[in-house]
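Number of protein chains: 2
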Amino acid sequence: MIFSPIKSTKVYEQVIEQIKNMIVDGTLKRGDRLPSERELVENLEVSRTSVREAIRALQIMGLIECKQGEGNFIKENFENTLLEPISIMFMLQQSDPEQILDVRKIIETETAALAAERITEEQLDELKKLTESFQVCRNENENVKFDKQFHYKIAKASANLLIVNILNAMSSLMDSFLEDARKKILIDKENVMVLANQHKLIYESIRDGNGAKASEEMRKHLEFTNEYIRRNV
Amino acid sequence: MIFSPIKSTKVYEQVIEQIKNMIVDGTLKRGDRLPSERELVENLEVSRTSVREAIRALQIMGLIECKQGEGNFIKENFENTLLEPISIMFMLQQSDPEQILDVRKIIETETAALAAERITEEQLDELKKLTESFQVCRNENENVKFDKQFHYKIAKASANLLIVNILNAMSSLMDSFLEDARKKILIDKENVMVLANQHKLIYESIRDGNGAKASEEMRKHLEFTNEYIRRNV
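Top line first, the protein sequences correspond to chains A and B. So the first sequence is numbered by the working numbering: it starts at 1 and just counts up by one. So the second sequence is numbered by the working numbering: it starts at 1 and just counts up by one.
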């Protein structure tokens, strides 16, 4: 007979489990205030320390936020939730920043196709404006901003929040581990012209609902920028 | 003049920051023991509570583990690190499980192409065995296991740990939010035959170093299973 080890569940893990149950059954929703620490202590019959540890863990994961004097709230948006664990993990795995570029290319290429199918009129308008804002005459910091927003809008237009979450984490990893990569590309005005044209082609394919072309143009675009980053950053 | 808000950094966040710095500068590596709570309290000049909160947060993110009587250790492997934050986030966003299938298809399709380029002889042997183990004559629980391992091996063969991390999280999300999806497919023996053949074609393309074909076969395979899950689960 084989004995399997009994998993010791720590008290703070049980508190998180309870909070998760409240989320599953709909008692707690986005933006809701959590019960106070005192209430959690009383209802769950655990120590104040365990409650605080659980709340800290949820905070650090970006799932709840503490508003001074008001208590703890479930966040309204989780776009940065994965960043902290993913970046610590990335460091510990001593991963090559090239892996970030690969993941981004893989996901964004297909995301462009989804965006071509699912984008709303309003999102298309915004994407058009961002396409036009990205210009040679601007300084690189402004273009970096428009570039990020352009890619973010396409992710949102895919209507898949997991994709938005993952791509946001990749974008922040780029900022941390390929410092100034975007800026270095955009200092070279010749690149800005090339990229502005690539953005235009991506935008037009999405506008025309041509998923295959959007995907293809996004792939070309990211191959160009990734290659530049590999050689120069 | 515009004042920007001063971000209040909590003490436990500073502790995590310090631990991150030790990781960045190489003082702490995978598998290493963290300084004891007492040492952290003394060296960082913070309260024991703050140290414990920081450690709990790192534990809950799956970055460190506590070994009874031995102290806290940086984990050796981070394959499950993203699971907890991603699944809580998924629940809070009230996302459609369909999004999991989409993300998995997007990433695995391209991952198969990377695997075709990068797989080692040893990994190829293991993939061959898994391909052959997945058979009509087995019961569905065994086939579920071989199916998971088959996809996991391909992710590992991509040699991109971020991909392994993300796909593992997607696989666990499937287990949580599309309960028994894999099993339900595999109870139908006709499906097992179809899937066994799809696995074989994927394996052969990877073996032949044909990335485009590996990608194409993986896409067909996941379109088939996703469609089945949509209709039946």
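Treat the hints as calculated values from the structure; they're not laboratory data. Among the clues, some could well be false.
Remember, identical chains collapse to one label, so a pair may be satisfied in a single copy or spanning two.
What the hints assert, rightly or not - When the alpha-carbon atoms are kept at most 25 Å apart in a straight line, the in silico SDA-like pairs for lysine to any residue are as follows:
id	residue 1	residue 2
1	105	150
2	67	93
3	75	99
4	189	33
5	105	209
6	200	73
7	129	230
8	75	17
9	20	93
10	67	118
11	75	189
12	75	117
13	189	209
14	105	118
15	75	138
Tested hints:
Taking CA atoms no more than 25 Å apart as the test, residue 105 paired with residue 150 passes in both settings, with 15 Å inside one copy and 24 Å between copies. For the homomeric pair residue 67 and residue 93, the shortest alpha-carbon distance between copies (21 Å) is at most 25 Å, but the shortest distance inside one copy (34 Å) is not. Taking the shortest alpha-carbon separations for residue 75 and residue 99, only the inter-copy value of 21 Å comes in at or below 25 Å, while the best intra-copy value is 30 Å. Proximity of residue 189 and residue 33 under a CA criterion of 25 Å is satisfied in neither setting, with 49 Å inside one chain copy and 49 Å between copies.
For the identical chains of this complex, residue 105 and residue 209 are neighbours both inside a copy (20 Å) and across copies (21 Å), given an alpha-carbon limit of 25 Å. With identical chains, the CA atoms of residue 200 and residue 73 are never at most 25 Å apart, being 41 Å at best within one copy and 50 Å at best between copies. Taking the closest pair of Cα atoms, residue 129 and residue 230 never come within 25 Å of each other, the shortest separation being 30 Å inside a single copy and 37 Å across copies. Both within a single protomer and between protomers do residue 75 and residue 17 lie at most 25 Å apart by alpha-carbon distance, with minima of 18 Å and 22 Å respectively.
Within a single copy, residue 20 and residue 93 get their C-alpha atoms only as close as 29 Å, which misses the 25 Å cut-off; across copies the closest is 13 Å, which meets it. Proximity of residue 67 to residue 118 under the C-alpha cut-off of 25 Å is found in neither arrangement, the shortest distances being 36 Å within a copy and 48 Å between copies. Proximity of residue 75 and residue 189 under a CA criterion of 25 Å is satisfied in neither setting, with 40 Å inside one chain copy and 45 Å between copies. Taking identical chains as interchangeable, the C-alpha atoms of residue 75 and residue 117 are never at most 25 Å apart, the minima being 29 Å within one chain and 42 Å between chains.
Taking identical chains as interchangeable, the C-alpha atoms of residue 189 and residue 209 are never at most 25 Å apart, the minima being 30 Å within one chain and 39 Å between chains. Taking identical chains as interchangeable, the C-alpha atoms of residue 105 and residue 118 lie at most 25 Å apart whether they share a chain (20 Å) or sit on different chains (17 Å). Taking the closest pair of Cα atoms, residue 75 and residue 138 never come within 25 Å of each other, the shortest separation being 35 Å inside a single copy and 46 Å across copies.
Checked against the numbered hints above, the structure breaks hints 4, 6, 7, 10, 11, 12, 13 and 15 and satisfies the rest.
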